[in-house]
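**Q** Please model the entire structure based on the sequences and the hints provided.
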Amino acid sequence: MNDATSRPSAPPAAEWHALSHEEVAGRLGVTRAGLTPEEAQARLKAHGPNALPEPPGRPPLLRFLAQFNNALIYFLLAGAAAALALGHYVDAGVIVAVVLVNALVGFIQEGKAEQALRAIRNMISPHAHVVRASRRQSVQARDLVPGDLVLLEAGDRVPADTRLIRARGMRVDEAILTGESVAALKNEAAAPVEAALGDRHSMAFSGTTVAAGQGAGIVVSTGPHTEIGRIGRLIAEVEPLATPLLRQVDAFARRFTTVAVVSAAALFLFAVAVRDYGWSEALIAVVALAVGVVPEGLPAVITITLAIGVRRMARQHAVIRQLPAVETLGATSVICSDKTGTLTRNEMTACRLVIADDDLAEIAVSGIGYDPAGALGWMPPGGQGDPAGAAAGLLRAGLLCNDAHLHAENGAWRAEGDPMEGALVTLAVKAGRDAAAERAAWARLDEIPFDAAYRFMASLHRSPEGEAVLFVKGAPEEVLRLAGASGGGAWEAAIARAAAAGERVLGFAMKRLTVAPARLSFEDVREGFSFLGLVGFIDPPRPEAVTAIAECRSAGIGVKMITGDHAATAGAIARQLGLAATPVVATGAEVDAVSDDDLVALAARTDVFARTSPENKLRIVRALQSTGAVVAMTGDGVNDAPSLKQADVGIAMGHKGTEAAKQAADVVLLDDNFATIVAAVKEGRTVYDNIRKMIAWTLPTNGGEVLAVIAAILLGLTMPMSPAQILWINLILSATLGLALAFEPTEPGIMARPPRPAKAGLMSRFMLWRVVLVSVLFTLIAFAVFFHSLWRGQEVEMARTLVVNTLVVMEIFYLFNVRFLHMRSLSWRGALGTPAVLLALAAVVAGQFAFTYLPVMQAIFDTRPVALLDGVMIIAIGVALMVVLEGEKLLLRRLGLFAAGEM
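When the sequence shown is numbered by the working numbering, its final residue is 1274 and no position is left out of the sequence of numbers.
In silico DMTMM-like pairs for lysine to aspartate or glutamate, Cα to Cα no more than 20 Å straight-line: (1) 882 <-> 818; (2) 801 <-> 742; (3) 801 <-> 789; (4) 1027 <-> 915; (5) 1027 <-> 787; (6) 1053 <-> 1042; (7) 882 <-> 848; (8) 801 <-> 780; (9) 801 <-> 757; (10) 882 <-> 728; (11) 801 <-> 774; (12) 882 <-> 849; (13) 1027 <-> 789; (14) 882 <-> 898; (15) 882 <-> 894.
Each pair of labels, with its calculated beta carbon distance range: (16) 682 <-> 1162: 47 to 57 Å; (17) 419 <-> 632: 49 to 59 Å; (18) 1116 <-> 968: 39 to 49 Å; (19) 918 <-> 871: 19 to 29 Å; (20) 1203 <-> 871: 51 to 61 Å; (21) 408 <-> 437: 41 to 51 Å; (22) 1137 <-> 448: 25 to 35 Å; (23) 968 <-> 419: 35 to 45 Å; (24) 645 <-> 1137: 31 to 41 Å; (25) 809 <-> 927: 50 to 60 Å; (26) 1137 <-> 1233: 33 to 43 Å; (27) 927 <-> 968: 17 to 27 Å; (28) 1206 <-> 776: 50 to 60 Å.
The set of hints was computed from the structure by calculation and includes no laboratory data. Fair warning: this is a prediction, and the values are worked out from it, not measured in the lab. All residues carry an ideal CB built from backbone N, CA and C; glycine is no exception.
**A** Structure representation (structure tokens):
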């Protein structure tokens, strides 16, 4: 190490990981004695504390007031003003309460980015062990500065980005940064400049954890300049996206508001200028129009529908953190999924053994994960003898040169220790060996822990016969070299076959010693070994993930794997999952090499992205979104947080996910299972269907009322309903029948449809046709009933009572029709309805009886009792409407006029 005491120079042109540690020491002006207290204090003043900056935020009052800056909110407040002008204080209060609740929900949920950053800040270690002025001491992690000498050992959280100068058997769990489930081996040698984050073996990054061994290093980056700080900046830079539903509701509200305002103004002028209405009379007519046009209950019912979706998804093990994400899941057209633990089990499994038996022989291993249920069998079948007996030496070496333990926990098997070592213990048990008894019989005398420089682990044992036996396991090429094994390239070909299948491979060898050394050294492990064979490991795909991916393909949803794993492993797993027969694989380096424009095409055609960085993931998501795709992104580490926030739906893992990932996500999976995502997509499509059903059912009520008011003014007729009666219809129906549609179950074939386009509006051409048709029918029937009553000599109050009851009954029959927008409703399933529909129906009938017959309600709404024959006529009108609308659906189906994706 440099002995100079110079000031640190500017950051090197090359990355820190590519410099020798002597060069790093020279550039940072650090000696073997470490920094002096004075130098550390000066650098702390120059570089700032080793902490992530607090995110800038708006004052709470401004954040709350910003929730009202929305066309739909203005629209609802206009409705409240209209109700207030009519003296309906309760109705106005309900509308204002809905607005306040929506604003409060938005206010609470808006701090997602700040929460994610706060979670990342909490991942920085609070303390660090350093050498300063030749003394080892513990300091606050926030006081670390570039040039500090940091000491690291198993269990420590790395306090800052550190260039290692010494590493002894050191493994670091970097899953939060790379997504890689196996701890990364570290050494002090410089890494290539172009090395991906997961391949920078000379670096230990802030927030990661030392899983084994010990080391020391020079701090090269602190606070916001660390890898974890860079990810924090990426999160802060990501602009929050409006969900498809919010965009559609906002567009719908703006158009609806514009039409309402223009219509009200035109109607007011027409009434005054043409029909000679007085100002107050014309204003009352306009207020009636406003009350009729505002769907007061629709926003509340949409919110309740989303909440019901949240409850249903919770039963599917998906916790929704952001309410609109329920519906956005239903619009998802691309799912970008992590591999380890989501598409795979995150349980390393020994799946293949290769032993020397005259020629090389392969043995297949059944069973999945750490569950010891399974067996060994020749591959191909038909081999001579017991495969477990033939592989006895290999199995013993795997069990003894091993520090892992297997145990059952709550009905599931878990490995304590290195995942691959856990898989070797499971393998031995599958072969019928008693792991505890064999380890006791073969007492361990000494060991050499796995070392990245030598790429093997060795353990010395005393056999039951008293013989000293040395076992070694490690990189197959290195173990073959120790054994001097030859085979005309046969072993190398076997290694290549396993690697092509996406397997990690370990080699095993043994040596008998005449005398056991007092202490095992590397000199004892230089030669003279007998090669025992190879074991191939794989993290097996989840069976349910295979089925779920097939379901995604039938639903028109693309699935892309984005992983920190190596390309060969990721591609092999992708084939097993059924992502593609020949998956197109791209690496993070290839993503870095292309422009944003070229990345769009690369992202579209690629099935698997391997060795990706946080920036890679963020760019991939943005590239897919630029094509109009609605992207769902899964992740579990800090490195995933920026892309989780950027995605239309961010999905974090509940078991293995970091707090930063969960805070940045919209959805948290309690079981870390890809199949749960597909179930959530299905539920999201159901929610959107139900919202569209509510709109298709609600708007004709408002449309019929508005057309009736407009027709009465244009034609100089008496209003068929009073403003108070219009409000009654809107509120009684929205609170009962409209809400019942939120509980509708999933329609058959929902996952056979393609995803709806991201820019598709709530009002398709079919929906618009249906709203206009039913509104016109409601208006014509309302006037027919009104004038028929007057023709019979009944008073206006009686005629209006009949109109209100007719509209309510028509809405009841229309509800049964709209439960299936395109399918036939005249069936037992359609007629019986759900419990929610039947309960709502009973409530509406009870409400209408009170509206019509209770004296207090008659006094409020100016109603009259309805005779039995008039009641029969009203029900007959409802039945006739149902028949007409069923005929319209049948005709449109026969003519093939339903829009694609609406079936």
